[in-house]
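Given chain Y, put chain P with the ligand in place with the hints provided.
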Amino acid sequence: MAFEIPRETNTGSIAEITLGATSEQGGTRSHTLTLGGSSSLPFHFFEGEQPHPPVVAMEVFDSVPTKYPEPLLDYYRDVIDNPGEMAKKCVEEYGAELISVRLEGTHPEKGNKSVDEAVEIVQKVLSSVSVPLIFTGPSHFEKNNEVMKKVCEVTAGENCLINYVETDNYKTIAAACIAYGHTLVAQSPIDVNLAKQLNILLTDMNFPADKIVMDPLTGTLGYGLEYTYSIMERIRTDGLAGDKMLAFPMLVTPGYESFNVKEARAPQKDYPDWGDLAQRGIYWETATAVSLLVAGAELLILYHPQSVEIIKSKIAEIFAAEGGE
Amino acid sequence: MALSGLDIFKLLPKTNCGDCAVPTCLAFAMKLAQKKAELSECPHASDEAKATLGAAGTPPIRLVKIGGANALEVGNETVMFRHEKTFFHQTGIAIELRSSDGTESNRVKIQAMENLTVERVGEQLTADLFFVTFDSENGEVFLDTLTVIKELSTKGVILNCQDLTVLKQGLEILKENRPAIYCEAKPAEKIYSLAKTFEASLVLTARSFEDLEARSNAAVTADLNALILNLEAAGFGKKLQHNTLLRRSALQQNFKPFGYPLLTRIKGATPVEILAEASLQICKYGSIVVLPEYDQALLYTLFTLRQTIYTDPQKPIQVDPKVYAIGDPTPDSPVFVTTNFSLTYFMVSGEIENSGVSAHLVVTDAEGQSVLTAWAAGKFDGEKIAKFIKDIQFEQQVKTRKIIIPGLVAQISGDLEESLPGWEVIVGCQEASDIPSFIKSVELT
Ligand code: SF4
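For the protein sequence lines, the chains are Y and P, in the order given. Note that this note's numbering gives residue 658 to position 152 of the first sequence, counting from 1, and the numbers run on in steps of one. Note that this note's numbering gives residue 917 to position 434 of the second sequence, counting from 1, and the numbers run on in steps of one.
Think of the hints as simulated: they come from the structure by calculation, not from any bench. Accuracy of the hints is not assured; some may be wrong.
With a straight-line Cα cutoff of 25 angstroms, these simulated DSS-like cross-link-like pairs (lysine-lysine) come out [stated by the list, open to error]: (1) P:Lys-923 - Y:Lys-768; (2) P:Lys-533 - P:Lys-739; (3) P:Lys-669 - P:Lys-548; (4) P:Lys-679 - P:Lys-533; (5) P:Lys-923 - Y:Lys-573; (6) P:Lys-721 - P:Lys-750; (7) P:Lys-514 - P:Lys-533; (8) P:Lys-805 - Y:Lys-768; (9) P:Lys-669 - P:Lys-651; (10) P:Lys-805 - P:Lys-862; (11) P:Lys-592 - P:Lys-750; (12) Y:Lys-775 - P:Lys-592; (13) P:Lys-633 - P:Lys-651; (14) P:Lys-514 - P:Lys-739; (15) Y:Lys-818 - P:Lys-750; (16) Y:Lys-616 - P:Lys-923; (17) Y:Lys-818 - P:Lys-721; (18) Y:Lys-630 - Y:Lys-594; (19) P:Lys-721 - P:Lys-739; (20) Y:Lys-616 - Y:Lys-630; (21) P:Lys-568 - Y:Lys-702; (22) P:Lys-870 - P:Lys-885; (23) P:Lys-679 - P:Lys-669; (24) P:Lys-882 - P:Lys-923.
Bound conformation, chain Y alone (with noise of 0.2 angstroms):
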């Protein structure tokens, strides 16, 4: 017998959802992005469509990270505390296709940075670069609710991606983003049905489907990869199978996650065996990136501009073998 491409086919697709907003659509941004849209697993065009490459998104910070590893300062060091500056920088040199800005300095416990500064930063972000933008808020219910309100006020109309809320807080922030216009992240600890419950949740309260990103949680390299990894294709397997409750486009972290463990900072003469460390950074993010990609992952928030180069020439190499289609 011969060889017969084994093909399966499924019911379900994943949501489009688009980022950003143009002038004609009431916001400022140079152009959108849209995610999602595949019947089939990831690149597998031989038995579905996927209509958008994932793709690679940037962070700055209204604080300087804590621990932001030497080799990756060396890239920043003059824009590193001009959250604006460093923004332009990404896109402009180093092909960010959308900017997250962390603020986590508005945790009470963090630098406590007011909603206002807060604003201010956001809004320059928002003046040096035409990309869609992801704002990503504190790890403390009552500041991010603050936070993130006001945000989805000042940026009415830009359709950001606002990151995010969780099953015990959610609601301030999707009223938020369904009154100004913005796109969510619902974010679940690596659970199949934690994260199913709060899109029912979400849905339940009128948000929109064609709004919703999920964060499975990044789990980094030696660090629960392996958890995130296979929660991942089990959300990917499941929503295509029809479950539209799980049909949505997939966010993770693999640049905050991984350039916070010892892997990416401990220098060689502590760990000799681990090599380089400049390189070792690199490739903690890069290996994460390449495993949640091939696992489901649209859109990728990344810090190394080296580790940001080789996903993106992999999407595009993707792409280009199948002619965009």
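Chain P with the ligand only, in chain Y's frame:
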């Protein structure tokens, strides 16, 4: 595809002679179907029955071994996704050595490979194979390199040598070490006989499914079955698709020509590209990756990724239950306690480290479960923690008499104080990420 009892019955003599120690052919067929008997127990089975049932009896993806005492085993996978069961035989990592680089340069790499063993959560991680390429004027360096490998290492070898005379000499050197022969193109007849003589496995390379199928069939016809497939593809997406289709056809269609492990020679313009390509193979069905260079940081990253993907999803990764020193703790430093689920340990130890405070981290044996799960299962309660601390005689090692427990199990604090007289229990924060701010906010010792 597994044959049913009835399918098997049709192939048997149907004489019910009883020589198989089962009264009827039908009963014997049922036992065969349940894999409780072997066809050889029926002395009257036809050749057709042997051929058909023999094929049904082999796993959909054959297990292939490369190497002698320390052989790498690849193949024999049963699922498409690790969450369906687990992936069994982790991707072998090979480093390429070229004869054009000279024996001395190769010796250095061989020694480095031999010395490289990294411990990670209780496992020793190493590279597995040498891929030796003959690309110089004469065979001397190639053969010398093999001799050095034999001298210094027990790792398996894949030979990439298009000169059959040199190849044969190389196989002589590696005689007892079950090497593999890499065939760049359609193998010459002579290669089959060499493979047979030296019990070598054969890596078959092709650029299309059709050619690969033809080469696989030809090798089987030549009576070889230790095969490894190398389907060359241009581009990241095509590689993912090809590997997926090969595994699917083997597992779901029981398509024999593709029922073998997969090998890829990794190419990349930069080290990061090599890392990205190799990572794809580890995630998506690559059985062996051949790296063009030795790069320690890259190997460590790939080792960790391979461990990640091949970990049994049913069994959490555990760290050894003991007291871990974070920073440079003294007998007066604070004491934290948590479970031996690797992720919990990594997060807690990482965050204590981030706080800049030196501390003792007591990691109890909770069978690798996270704090809440272990508590719910009765594996992380006051009594268990107290017993652990007493068993390891921790009280003699520190002067501190305050112990910080995870905020998620605040309810065990009374119980723990009772079981551990003289100690004050402090309820810590719920999330590891809050440890640095928690440390600032309380009197820890
Ligand atoms: S030995 Fe073979 S022929 Fe005889 S009863 Fe058993 S299966 Fe049938």
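These are the hints, each one checked on the structure:
{"no.": "1", "hint": "P:Lys-923 - Y:Lys-768", "verdict": "holds (22 angstroms)"}
{"no.": "2", "hint": "P:Lys-533 - P:Lys-739", "verdict": "holds (16 angstroms)"}
{"no.": "3", "hint": "P:Lys-669 - P:Lys-548", "verdict": "holds (22 angstroms)"}
{"no.": "4", "hint": "P:Lys-679 - P:Lys-533", "verdict": "holds (22 angstroms)"}
{"no.": "5", "hint": "P:Lys-923 - Y:Lys-573", "verdict": "holds (17 angstroms)"}
{"no.": "6", "hint": "P:Lys-721 - P:Lys-750", "verdict": "holds (14 angstroms)"}
{"no.": "7", "hint": "P:Lys-514 - P:Lys-533", "verdict": "holds (16 angstroms)"}
{"no.": "8", "hint": "P:Lys-805 - Y:Lys-768", "verdict": "holds (21 angstroms)"}
{"no.": "9", "hint": "P:Lys-669 - P:Lys-651", "verdict": "holds (18 angstroms)"}
{"no.": "10", "hint": "P:Lys-805 - P:Lys-862", "verdict": "holds (15 angstroms)"}
{"no.": "11", "hint": "P:Lys-592 - P:Lys-750", "verdict": "holds (19 angstroms)"}
{"no.": "12", "hint": "Y:Lys-775 - P:Lys-592", "verdict": "holds (21 angstroms)"}
{"no.": "13", "hint": "P:Lys-633 - P:Lys-651", "verdict": "holds (16 angstroms)"}
{"no.": "14", "hint": "P:Lys-514 - P:Lys-739", "verdict": "holds (24 angstroms)"}
{"no.": "15", "hint": "Y:Lys-818 - P:Lys-750", "verdict": "holds (17 angstroms)"}
{"no.": "16", "hint": "Y:Lys-616 - P:Lys-923", "verdict": "holds (12 angstroms)"}
{"no.": "17", "hint": "Y:Lys-818 - P:Lys-721", "verdict": "holds (16 angstroms)"}
{"no.": "18", "hint": "Y:Lys-630 - Y:Lys-594", "verdict": "holds (11 angstroms)"}
{"no.": "19", "hint": "P:Lys-721 - P:Lys-739", "verdict": "holds (22 angstroms)"}
{"no.": "20", "hint": "Y:Lys-616 - Y:Lys-630", "verdict": "holds (21 angstroms)"}
{"no.": "21", "hint": "P:Lys-568 - Y:Lys-702", "verdict": "holds (23 angstroms)"}
{"no.": "22", "hint": "P:Lys-870 - P:Lys-885", "verdict": "holds (16 angstroms)"}
{"no.": "23", "hint": "P:Lys-679 - P:Lys-669", "verdict": "holds (17 angstroms)"}
{"no.": "24", "hint": "P:Lys-882 - P:Lys-923", "verdict": "holds (21 angstroms)"}
In the structure shown, no violation is registered for any of the earlier numbered hints.
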